[in-house]
Amino acid sequence: MNYMPGTASLIQDIDKKHLVLLRDGRTLIGFLRSIDQFANLVLHQTVERIHVGKKYGDIPRGIFVVRGENVVLLGEIDLEKESDTLLQQVSIEEILEEQRVELQAKQESEKLKVQALKERGLVVPRADTLDEY
Amino acid sequence: MAEEDEELDLYNEMTFGLDPDSTEEDAAKIPVPPERSPELLEPEEQPQVVEGQPPTEEQGELQGEGGTEPEAEQSQDSAVLDSRIGSNWAEFGQEDMLAMDPMAWGSCPSSIPPHHMLEDKAILQVLERPPTATNMALDFLGSPVQRGYVGSPRHKRPDFRGMSPKSFPQHFLQQQPLIPCSTSSPRPFPPPRRASSFFASSQSAGYMSPGPFSPLSPNIGTPPRSLTMHFGPMSHSLDSSVFFSPSTSGQLNLSVPSHLTQLHPQHQRILTQRQQQGGTLQSVSPKKLWSPKADPCAGLMTCKEKDWVVKVEMIQLQSENLDDDYYYQTYYHRLERKQAEEELLGGRNKQEPPKLVTPFIQKVETYNSVVRIAGSLGQVAVSTCYSPRRAIDAVHHALVEEAAGSHRLRALHRIERLFLQLLEVEEMQRKMSLATEEQEHKTQEVGRIYQALNIRACSSEEEAEDEFLQVLCVRKGKKLTARLLPHLAPEQAEKILLTITHHLPFLMKKDAPDESLPLLYGPLNEVVGRMTFSRLIEVLQEMTRTLPESAELPLTMALKNQFGISLLYSLLSRGEGLLSSETPLEPHMGDFETWTDTVFLVARELSQVPKALLVEPLFLPSNLLSLFCRYLDKQTVHHLEAKMECSPLSAEAPMPC
Chain H
1 MNYMPGTASL IQDIDKKHLV LLRDGRTLIG FLRSIDQFAN LVLHQTVERI HVGKKYGDIP
61 RGIFVVRGEN VVLLGEIDLE KESDTLLQQV SIEEILEEQR VELQAKQESE KLKVQALKER
121 GLVVPRADTL DEY
Chain X
1001 MAEEDEELDL YNEMTFGLDP DSTEEDAAKI PVPPERSPEL LEPEEQPQVV EGQPPTEEQG
1061 ELQGEGGTEP EAEQSQDSAV LDSRIGSNWA EFGQEDMLAM DPMAWGSCPS SIPPHHMLED
1121 KAILQVLERP PTATNMALDF LGSPVQRGYV GSPRHKRPDF RGMSPKSFPQ HFLQQQPLIP
1181 CSTSSPRPFP PPRRASSFFA SSQSAGYMSP GPFSPLSPNI GTPPRSLTMH FGPMSHSLDS
1241 SVFFSPSTSG QLNLSVPSHL TQLHPQHQRI LTQRQQQGGT LQSVSPKKLW SPKADPCAGL
1301 MTCKEKDWVV KVEMIQLQSE NLDDDYYYQT YYHRLERKQA EEELLGGRNK QEPPKLVTPF
1361 IQKVETYNSV VRIAGSLGQV AVSTCYSPRR AIDAVHHALV EEAAGSHRLR ALHRIERLFL
1421 QLLEVEEMQR KMSLATEEQE HKTQEVGRIY QALNIRACSS EEEAEDEFLQ VLCVRKGKKL
1481 TARLLPHLAP EQAEKILLTI THHLPFLMKK DAPDESLPLL YGPLNEVVGR MTFSRLIEVL
1541 QEMTRTLPES AELPLTMALK NQFGISLLYS LLSRGEGLLS SETPLEPHMG DFETWTDTVF
1601 LVARELSQVP KALLVEPLFL PSNLLSLFCR YLDKQTVHHL EAKMECSPLS AEAPMPC
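Residue numbers (our numbering), protein chains in the order written: chain H, 1 to 133; chain X, 1001 to 1657.
Just chain H, same shape as in the assembly (with noise of 0.2 Å):
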């Protein structure tokens, strides 16, 4: 019952299970337990999921207070839907282990593309010298 039309709370969403993307491009899964005027969240039962390709793995993480302003976005996950995915669950040591050969791999593209264009002249400033916005 929203009781302030127009507007967008997180009030309606508590005690239902999200999935959480951060801005450090983790992804948590939780159930929103309590919220703040900041949009800082409480997270039980909390799950960091991993994607690679088409597998996944959870890491159980417990309960999470997340500040506002790292939120990208939370959605309300349907527990009946929850489950045909087509995606592959896969154990931890797994998920990780391809995380980081993708890194690894991203990582490699990266410095190849990066000396490309220094050969051309072009220098392309690293993101950490970068003003976030």
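Treat the hints with care, as some may be off.
Below, computed lysine to any residue pairings styled on SDA-like, alpha-carbon distance capped at 25 Å [claimed, not checked]:
1. Lys1560/X <-> Glu1645/X
2. Lys16/H <-> Cys1297/X
3. Lys81/H <-> Cys1297/X
4. Lys1479/X <-> Ala1512/X
5. Lys1442/X <-> Leu1409/X
6. Lys1338/X <-> Arg49/H
7. Lys1495/X <-> Lys1431/X
8. Lys1338/X <-> Lys81/H
9. Lys16/H <-> Cys1303/X
These are calculated hints, taken from the structure and not from any lab test.
With the hints as your guide, set chain X onto chain H.
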């Protein structure tokens, strides 16, 4: 020890209205984080941690374990899971521990790092209660009024420590979160939250979650009075009656406490409804797997807390500035208009769109969003729950150094400054009622901008230095002038026109890369349209005067510039309009002669300028041909017409002579 307990109880009661005995009802399953289990797996010779034992032993042991743990546990499959998490937690824990004075582990109190609050709370829950989860789970369905705030710590019975470490992995494998005890009796500052079966066994469908709590919270409670923990709004610094926060009395007050706070009646009604329905206010959706009844942690956030958050959100929506939520406002205006139309068409069924009415909550004092401390670098952002948004003043306060920099830089700064002023004027205009004081204020402001522009006569040598001309050389400066013109008094506007016309060659030359002079055409055209004949003649004389440094007349140069030719045509058109109209002209001596001379001059130049260089004007007035007809012979007029013919408009213009 007992006295301190009593002190804490008293404090809790005072702050939260807690009944110390209510905490006895809390159930808790005993969770433990995986980190502990491997650690405790090994030192089986130390099955029980007895209260009061030198904590440094365990601390040292933990530190040691934390380090070696990841390697040791890799092989064990079930423990691999823990080790990864455990290592995280261990790191976390280690940092804390290192940060803390080990000597503080004893009975002497030290301040509790806030992030340990939750854990300590949890631990205490554990300590107090053997699991009676089932009973407590259903308690949530009860009326929120009955639910008091839980939290006063019971540290007399550290039952948990009696659990043998052997049982830990078992518990863990059963996938139930467990929490170990801390070494000494912690006395945390209890937050006002739902307690109890938060730590009940997770009955989720296959949801595995070892408890997240760091075991390493050897926090010793301080005498609560010295702590300044604020789990709600800063009610201590503000009048707490002003704001309805969860940290006030444990009773859920349906009647809003203060005369200053009012809830929307709909809101109030919904609140009471919720009370009656008793907490099962879930949306209707088939969630057979996780119904509210089965979820023991449901309702962690009480109604009171939810209302509080909603209230803060509503306060945030309060604003005097109409533009703060432009999209919402426009949306609602449209919706209302649509409904009004429908109502007119479709009978008298008046459905009001649910409108967001923010409760009136008097904001305390004036809120300084930015605090400037003398001598500090930058700004200190102050945000309260009333105005959490405005953390930093976005408006640039620093005064621009006009002395510094080149001419151009200074001109740019001036333009920016004046533009801001102009925007304010327009804003004033928009919001303005017909109140005369406001009109005066507006004219004052406009006058100020005009003065700042510093329009004055200057010779051609000084053109580059003249401030107004510099402003006009910049596109934004032209825009500024263009937007300002409608607000100016006629004499002021005419002065600008005169200046522009006087310096037209200079401006046209400077505008070559930018081609933004046409911006000025519209407003200047308006000004011309209101001019008297004499003034018109004055302006035209600017264009027909000979220039010392060039053989060309300004007039001729204007013919080759889009703005110039448009302005010229506009002036001529105005003259023709005045002459052909019935209104008395009140000309000065020699005006008519000058006018005739001007027309001949224009005609001559127009015929002499090769068509290729002639630029199409922005607007070709229809009475120009009739003007030429008046003074010139048919042949010349035809010739001129051919020259000017670049748009279908001139072709259609009738030939009266």
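Hint check results:
Proposed proximity of Lys1560/X and Glu1645/X is supported: the alpha carbons are some 15 Å apart, at most 25 Å. Annotation: proposed proximity of Lys16/H to Cys1297/X holds, straight-line Cα distance about 11 Å (limit 25 Å). Restraint check for Lys81/H and Cys1297/X: satisfied, since their Cα atoms lie roughly 22 Å apart, inside the 25 Å limit. This hinted pair checks out: Lys1479/X and Ala1512/X have alpha carbons roughly 16 Å apart, not beyond 25 Å.
A distance of roughly 29 Å separates the Cα atoms of Lys1442/X and Leu1409/X; the hinted pair therefore is violated under the 25 Å criterion. Between Lys1338/X and Arg49/H the alpha-carbon distance is near 46 Å, which puts this suggested pair outside the 25 Å criterion. The hinted pair formed by Lys1495/X and Lys1431/X fails the criterion: a straight-line CA distance of about 29 Å is larger than 25 Å. Of the supplied pair hints, the one linking Lys1338/X and Lys81/H is violated, its CA atoms being roughly 38 Å apart against a limit of 25 Å.
With a CA separation close to 16 Å, the supplied pair Lys16/H and Cys1303/X stays within the 25 Å bound.
Violated hints, in rising order: 5, 6, 7, 8; the structure is consistent with all others.
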